[in-house]
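Asker: Chain by chain, the residues:
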Amino acid sequence: MKIEANNVRVSYGSEQVLKGITMSIKKNTVTAFIGPSGCGKSTFLRCFNRMNDLIETCKVEGEIMIDESDIYHPKVNINELRKSVGMVFQKPNPFPKSIFENVAYGLRINGVTNKKYIEEKVEWAIKQAALWDEVKDKLKKSAFALSGGQQQRLCIARALAVEPSILLMDEPASALDPISTTKIEELIYNLKASYTIIIVTHNMQQATRTSDKTAFFYMGDLIEYDDTRTLFTNPKKQKTQNYITGRFG
Amino acid sequence: MEETLEKPVGNKKPKMTFESKGRTVYYQMQDRIFKYFALAATSLGLIVLVLLLYSVFENGFGRLDWDFITSLPSKRASKAGIYTAWTGTLWIMFLTTIIAFPIGVSAGIYLEEYSSRNRMANLIEINIANLAGVPSIIYGLLGLEVFARFLNLGASVLTGSLTLALLILPIIIVSTREAIKTVPYTLREASFALGASKWQTIWNQVLPASVPGIITGVILAISRAIGETAPLIVIGALTYVPFAPTSPMDEFTVMPIQIFNWVSRPQKAFAENAAAAIIVLLSITFVMNAIAVYLRHRSQKKVKW
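Respectively, the protein sequence lines represent chains A and B. So for the first sequence, the numbering used here puts the first residue at 1; every next one is plus one. So for the second sequence, the numbering used here puts the first residue at 250; every next one is plus one.
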């Protein structure tokens, strides 16, 4: 198992938002987290790269193992962890730098100074994100000159450049138009061969199109976790059934 | 509401459905009145400034020449110059900046990025805001006691700079914090998610994006410092200094003190000297602002929004 979560509980101050989640995720698969707003799916996603640590009042209990090592162990270097667990956010958030520098940033903060290596790596990452043909002639231009969909693929390239083994995606297509969304979904499908991907989504069609397994969260609990096809065609819990048929959420 | 879909037929007059009535007229009036009020307020400020400049230039421009700038002060108005005053002002400006800039910006970064939101932080915040409002003469007294007497620095350039640095620290801290606040959180998140440390994130993302705001704040603060007279008089800066400072430990005078000294004399010739010195002081401020605009522009170009 690539990722194993054991009785993970998260609280903000006195408010408990995750009430003991246990699940395991296989290598090179796409897992979708679905559920209504406020169900804790994004919070859970942010446990895997410890982004929750940035919020002062947030407390994480339980155990999360990645490649059989406990990521909440006191000896874990949080920056090393985040290098191997990349993240893509809901709204494209490129840096106010050039396209090239956006992708090179992760390498530079790692102390890489070899110019040729950086150039090769940037090209490789942008190609991985299926963006190369669109930007190869304007790498020095501002990343903000790109369209929203291109910016999001640039953010994916930026995450890939530091060679993570896991990619977390927090509603990566919710701010994009349908064509850009399709491109992102195709990209997710292609990246599966080399990365373990977890995607939070509000869009159930997106979950069925992209993922191998789906987890349904509700009010801080993991209600059901199964193969995507099974979960959507033959859910075992009433709540899941109600949610995927659009009766609430 | 009347039905409005009816079309004019033949001689029938078209209906007027959207004509002005009651409330709308009132709101539009309000709109216009405010516009003229704002225009009047702006013009008032500009007119006063123009009058002031006109009067200063009329009195002082004839007196302004190379000798005036390079001459030492003198008891005879026609021989007196501002050499010691403007070198003193430049010294004070330079030292005050290199003292206040790193401390103020670092404090701003600490308060905005590192300190946790607790009662201590709130207390510090309120105090800094209060410090910005303390009359400058109080800073002068502090400088006199602490720097001039206790640290035995005397009425030196260094004492003056340290005092003025204290005076402008709150302004720099507050403007640094405001500039940092405008940097979106998503930018930090993106950097952290790539494994960047806090300092890497601040240095590579937060600071470049907030440099224009920080520079503006610093320049405004320095502009305020070079106009200050009271605290420097309190620490013992002299009105008559026969030589220009050559080290931070030398005695000094500055432009505003020189101007104050000349203005307070009865002879008309000294009033002309004062006007000419004001022109020079204004020019220094103007050049400073020009530099600020240039630096802002340059740093904004580096950040590719």
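There may be inaccurate statements among the hints.
To be verified - Distance condition first, Cα-Cα at most 25 Å in a straight line; then the derived BS3-like pairs of lysine-lysine:
hint, chain 1, residue 1, chain 2, residue 2
1, B, LYS550, A, LYS115
2, A, LYS138, B, LYS550
3, A, LYS19, A, LYS237
4, A, LYS91, B, LYS264
5, A, LYS140, A, LYS75
6, A, LYS59, B, LYS447
7, A, LYS138, A, LYS75
8, B, LYS550, A, LYS141
9, A, LYS115, A, LYS138
10, A, LYS140, A, LYS26
11, B, LYS430, A, LYS136
12, B, LYS262, A, LYS91
13, B, LYS264, A, LYS140
14, A, LYS75, B, LYS550
Just so you know, the hints here were simulated from the structure itself, not pulled from any lab data. Model, not experiment: these values are computed from the prediction.
Asker: Taking the earlier hints as the rules, which of them does this structure contradict?
Answerer: 4, 5, 7, 10, 11, 12, 13, 14
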